Every structure is written in structure tokens, then in C-alpha cells.
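Please build the complete structure, drawing on both the sequences and the hints.
Protein chains: 2
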Amino acid sequence: MPEKIKPRTLKGFRDYPPATMIPREWIIETARRVYRSYGFCPMDTPSLEHLEILLGNGSEETDKQLYRFEDHGGRSVGLRFDLTVPLARFVAQHIQELGTPYKRYQIANVWRGENTQRGRYREFMQCDFDTIGTTSLSADIEMILVINDLLSALHVGEFTIHVNHRGILNGLLEKLDLSNKANSVLRALDKLEKIGEDRVRKELAETAEATSDQADQLLALTALAGSNEAMLAEAETLTAGNETGELGVAQLREALAAVSAALSPEAQDALPPEAQNRIQFAPSVCRGLDYYTGIVLETTLDELPSIGSVASGGRYDNLADLYTKQQLPGVGASLGLDRLLAALEELGRLEQTSTTAQVFIPYFAADRRNDYLKLATHLREAGIAVEFYPEAKKLGKQLQYANRRGFRIALVIGDDEFDAGECQVKDLTTGNSKTVAYTNHATALIAEIQSILAK
Amino acid sequence: MPEKIKPRTLKGFRDYPPATMIPREWIIETARRVYRSYGFCPMDTPSLEHLEILLGNGSEETDKQLYRFEDHGGRSVGLRFDLTVPLARFVAQHIQELGTPYKRYQIANVWRGENTQRGRYREFMQCDFDTIGTTSLSADIEMILVINDLLSALHVGEFTIHVNHRGILNGLLEKLDLSNKANSVLRALDKLEKIGEDRVRKELAETAEATSDQADQLLALTALAGSNEAMLAEAETLTAGNETGELGVAQLREALAAVSAALSPEAQDALPPEAQNRIQFAPSVCRGLDYYTGIVLETTLDELPSIGSVASGGRYDNLADLYTKQQLPGVGASLGLDRLLAALEELGRLEQTSTTAQVFIPYFAADRRNDYLKLATHLREAGIAVEFYPEAKKLGKQLQYANRRGFRIALVIGDDEFDAGECQVKDLTTGNSKTVAYTNHATALIAEIQSILAK
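Residue numbers (our numbering), protein chains in the order written: chain A, 2 to 456; chain B, 2 to 456.
Take every hint as true, because none was put in to throw you off.
Residues from chain A that keep clear of chain B, each with C-beta distances beyond 12 Å, as calculated:
#	residue
1	N243
2	L248
3	V286
4	T294
5	T301
6	G337
7	A421
If the Cβ cut is set under 8 Å, some of the chain B residues that face chain A in the computed set are:
#	residue
8	L11
9	D16
10	S38
11	C42
12	T46
13	H51
14	F91
15	G100
16	T132
17	L323
18	T356
19	N371
20	R405
Rather than coming from a laboratory, the hints here were simulated on the basis of the structure.
Nothing here was measured: the structure is a model prediction, and the numbers come from that model.
Every residue gets a Cβ at the ideal spot worked out from N, C-alpha and C, and that includes glycine.
Written out as C-alpha cells, the structure reads:
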């Protein structure tokens, strides 16, 4: 006998057994359903691209992490490290046929050879949606609504969408004549929580040559608190006289009002209480330096803010300038699938199950296989997923299997029951059993199962 | 301005724009739903594996096609070329926690650097399902039922599942004392349609040293015709006295009877007429030489048999013998997603649409954005997917967009309609418009939309 090959996965990669994959598929399905409910359409691109496409605009960091090699034809190729670069290449190539506005979603794997500390994996899934080819604020508003609907549908508990407009800080920088120091300012402000106000002031002075008065105003913006309206009014004052800043405040105010209107469609209804503080103006949210230009957002879970943003995005002016002269503005965001999954697990909000079927049929009357199969067909025709145990074994062993797997109901039916036209419906959660008629099209039995599943 | 990078995909790879991706997602969703209705559970494995895992049992052909390279840690790695090798590695590693029977499905991409002629792509998706750890015929029967349910749900028109049992030909070969020539015999018989009986006889004599009588019996088996029962009876006669052959016939007979019973669950009902010839004993179906050991099947579309099998599989004795001493028998099959998609396209059975939403709301009363957003929320809360055009433009332009994209309904509502509490519901298929009340929770409007969508 030849020696066995040790079965193992690569470092930084993982298998998804059913207990992990079932909730993962549920999140993906939910994202698809919500994206589709706004008319976003699925698209996909190859996992492998020409290396020059992927290196086009990458940072040193992503370039280093890129999986790259020569293919059979001697071409330099790489595995995509995000879904944004392939999207840019895709729209540059196809936008004429697609037309605008082009609304897409893409749920697909990306690969990064990163350090595997901190629970990061080298293959992970992204769930992006974007509206391309329009500068209308409607698309920004819709991005916020999609994230609100998506996280509501995912039962993550209460959450906060932190919304900002890049124009506000940019406007203040223009007003303070610090635009050419934007990167240094943003880097310093970003450390506020970590190192405190005094050291940020020091850094602003050192790296951005900011005066004390300039630092005061910058810190005043990031320190805003209170209601959205109050904060917007103060931001308006801070940026007064600067066109970029005023436009940023105006757009953000309009977007927040529209979201509020859309979430409380009845004129007579107020916004539901749980949603009243859900969408917050957050002047410190920036999302990277170069790419985003308008509204930006991040989303945190109120019960677990430390895990970071689970859905982020924003507006950009020009998606595909590496590949086409056509200016393609857009707005989009991404659900952090793996982070969200980890959070739901930590919060105990994931259903523990290793089955996709709710109903289990044990097989213990050995000569009755065809009768069991008929029963299963009846239930599937009624839309009930059912697993039939393949081997005729002792009932007890099969019920152990059913409990371990997490079925909701077992249908106990042997020779006597088949002959009598009845079936024992066992609720595996409560342990209760009930005898129900099993005749004709199994109508009574189906009704009983549906009533248990509806509980 | 720096020079633009030409946007292009790699040879053998392709983008999936919405018109292709929407039906693709529909097939994937349908496969998931059907697999789940039998209790198969999702799982996934990494796209990249240690090279030694992938090379384990590969043929020279797959080895040549493998995408392989050195990763950042100097490890030899490769992109999976099918889902069977990763499954074998996965169960060898995890079967203790998973327990048996282990029922899984996996829908994922695989990569092969093949010749790109004949419309083959170097990245394509496989949709596999398997039951592992049981030798019970129940699992074989279920495989046939799953394929029947799946193709029925996919509206492919009528189809034929060609079922065989490897024991029947193996039994005849044993009886004829030709077991050690099995490969040569199979290769020769496989050419029957292409080169005709005379040349097959010649090849059997040359490569397998078959006598004229032996060739008669082999050709008699592959030439069987008539009802399943008649063919099985003849196969029984041909293999009489040989245990392997008799077991093959008996198992196939039992499986076909069980499938027939399961498909006509009412004792008083006959199998529906369209399904009566759907599942056929096909003594020439073999599915490769080494891997399968019991029941095997292929599936063809009656309207387009030339495209080949769209769903194939069978029973194997030992899935993971390269990685573990534990014997893991199983049975499983795979849906040929891309082939099926090509067939549906050729048959004109794919819905032509580039939208995921059924309802379109044009935006032409410029000051009413929040009112439009409220309307959209009402509909989404009723489960109706709706796209709101982002820019206030002339109605005509927006309806052109709606028609091009393939929406079913447009809701035409301007200042007058908002004030009057009504909405024009335009059926974009018929061109008919109807004025419907839009008040309170949009109840009447939702009912009208649902009645059009139900048509």
C-alpha cells in the first residue's frame, strides 16, 4: 500500500464545514435578496487577470500580497485581491453595452497573501454593490438604505451607520489653506482616539505646520456631538464661505432627510424608535485618502463596536481612469461577510444547525423503503425539505443522529403506522410526539409539520 | 496624462454581464434549493491547495492543465481542477466530526489551463452533491431523484436519465474471462456509435483477444433495447451465473422500481406520462474506468441530446484512499452548469432580462424624491423588488431605459398623481396603463402590481 498523503489545508486557508457554511450561505442569500430588491444586478469577473490590470493602481501593500505567477502561455497573471479593480476593468470594457446608470453586485472570493495573524485569511469573500455612471444624490441615499435593509434583515441587533461627506473636511482644509497638507492632517486626526488631543495637536504642528487656531478648528470638526441637525449646523458654521464645505453639508443634510423619509413611509408615522439614532453624522469617518470624494460611511454593531466596520463604502468621482478616458463616477459599498460572521458568532446570534432540512424520516421498517420515499416526495412537493436516513437501523440510533444534526422534526412511521394510515410527528425541540393521519396527499401531516415549523 | 492600460480579460476567461449572470444565478439557486430539499448541506474548501494534494491521483491530462506556482512562503500550490479531489481531502481530514452519512453539496469554481477551442473556459463552476459513508442503495436512488427534481425545476423541457450499473458489464467480463482486458473492451465498445459494429468487433479481437462469441455477447449487452424490464431481463440472462452481474441487475432493478414509486406517490396514480420514459436503463453508459463501481448515470436533454450529458455521476467504493486508511464509499453527481446554460440559450428557454427588479419607478417630478423613496419602501416591504431611477429626467427617456432593461411594470407618478393620491400602473409587456389609488399603505397599488406579476 503506498504511503498516504497527509490531508491538510494551506496556511491561511480554511475549510467550511456545514456548521460554518450554512450561516455563511444565509448571509450571502440575504445580501443578494436585498441588493436585488433595489434593482442591483449580479455580475462576475474572472478570478485571474492580467498582472498589469491588477498592478495598475495597487498600493505597495497590495502588490506585495498579490498571488502572481506565469500561466501556461507564459502570461503574467494574478489572482484578484479585491472586487474594485476588476469592476473598473469591466466597466471600462463594457459600459457602452451596459448603459448607465449601471447597478451591479458581485459576491466573490479574493486572495491576499497577508500575514495570517489576527484571524485574517488569505482567501475571503467580498459582497460589493455599486451604482455607476450617475452623480445623483439618489444613488448615495440608496446606498444608505441598502445597508440599513441588509443589516436589519441579518438580525445583528441594533447598529449604527456613521455617515460623513468628504467635502466637509476638504472644505475646511481649503478654508484654512491646508489642502496641500491634507494627508498629514488626516493621518494626525485619525490617531485622535489612540493618542489624545494634545499629541494630535503636536503632530498637526509638526507634520502639517498647522497653527494653534487651525488645529482648534480641525479638532472642533472632529469633536462635534449632538443631534445630526445640531452637528450639521456647526459643520456649516465651520466651513462657512467655502463652496466645497457648504456643498458637503448641504448634500449630507439632504441625504439624511431623504433616508429618514424613506424609512418612515407613512406621513403619519414617525421613524421607528429603534432606527432614530441609527444613522449618524460622523465627521471623523474618512475611508482612505484618494479614492472617495463625496458621502462615505461605516457601520458598527452596537453590541460589538470593537470588531470594526461591517459595511463600508462611499462615492467616488472616477472609477476606471486607469483603463478609459470616460469619466465614470459612482457610489458603492461592501458587506464584510467574514467579519460579520465572526461578530454574529461572538454575539451568539447564529443558529446552531448542521442541517438544511427541517424534517427527518428515520428508516426502520426495512421492507418499506418505497413507502418512505413516497412520504418524502409528498413533503417536498409541499415545499418541506426532508432527509430520509439511508440505512434501515434501530430507531434510537437514528434519532441520536437527528438530534446531533439539529433537525426540527422526526416522522416516526413503521409497519403499524403505514398500515393504519398514520404517522407520529416528533418535535425534536420539545420532545413531544403527536399521532397524525397520513392518508391521500398527506394533507393533515403537512399541516401539522407546517404548524410546528411556524413556531 | 499617463497612458491607459488596455482593459481585457485573459484568454480562456470571461466576464459575466447581468444578462448572463442572472440566469446563471437562477440555476445555482435552483440547484441549492433542490439539494437542500434532500438534506444535502453546503460546504466549501479553499481554491488553493498544496500541490501534492492535487497531484495525488491526477491523470497526466489534469496534471498538465493544473495552474500551479510557488506562494509567498515558497510552498508549491495549485488551483483546484475539480471538486472531487478537495472533497476527498476534506472528508479524510474531518469525517470524525462530520459523522456519516455525510451529505454535502459544493458549488464553486475550478480552473483548468485547457485548450480553449470548443467553447471551453479555463475557469468554470461545478455543482456537486454527494452522500458519503453509506453503501445503501437508498443513496443511489436519491441521486436519481435529485437529478430528476433538479432538471424538472430548471424547465429544460423533457430529458432522459440514462442509468447503468457497472456490475453488469463487469459481471459479463468476469463470466467471459475478460476482466483483465476490461480497459481495452471498454475503449472498443465506447466507439460503437462512431465506427460501427464491424470495426468494434475487429478492435475487440485485436486489443482484447476476444473471440467472435465473446464479442457477440458484449455487443448484445450494449445493443439492448425495449422497456427497462425487458432489457433488465436480457441483461440478467447474459450475466446469469455470475455474482457481480446478477447483483448489478438486481440493484438496478430495485433502484428503478423505487424511483418509479417515489415519483408517483399516490398508490392510485400512475407515473405522470411525461416521466414514464424519462429514466432509462442504458447498458453502454460507463463514466470512466477506475473511479465508479456501482450505479452510474448521465442525463441528456431530449431537444438537444448532441450537447452531451448535463448531469452525471455514480457510486464509488473508496473516495479518499490517497489520504486515509478509512474506506469511504459514496455516491454523487454533478450538474454541468455551463453546458446547461449554453443549452438553454440555444433552445431559447432563457428569459431575456437584464434586471432583477420587476418594477421601475421613473423620477420626473424633481421635487418629489422623498415621496418616490417612500413609495419604493412600501413596495419593498411587500416583497416587491423595485428600481428607482436616480436622476430627474424626461419620462420618455426613462421608459426607454426601462424597456431596454426588461422591467415588467413602470409606476408613472408625478405631481398631479401624488396630490390626487393615485398612480398609473403601466404594464410594459402589453403597454396598457391603469390608474390605481395610492393611499395609506399602498394596499390597492400593491395588489394591482402583484396581479400583473402573477400573470
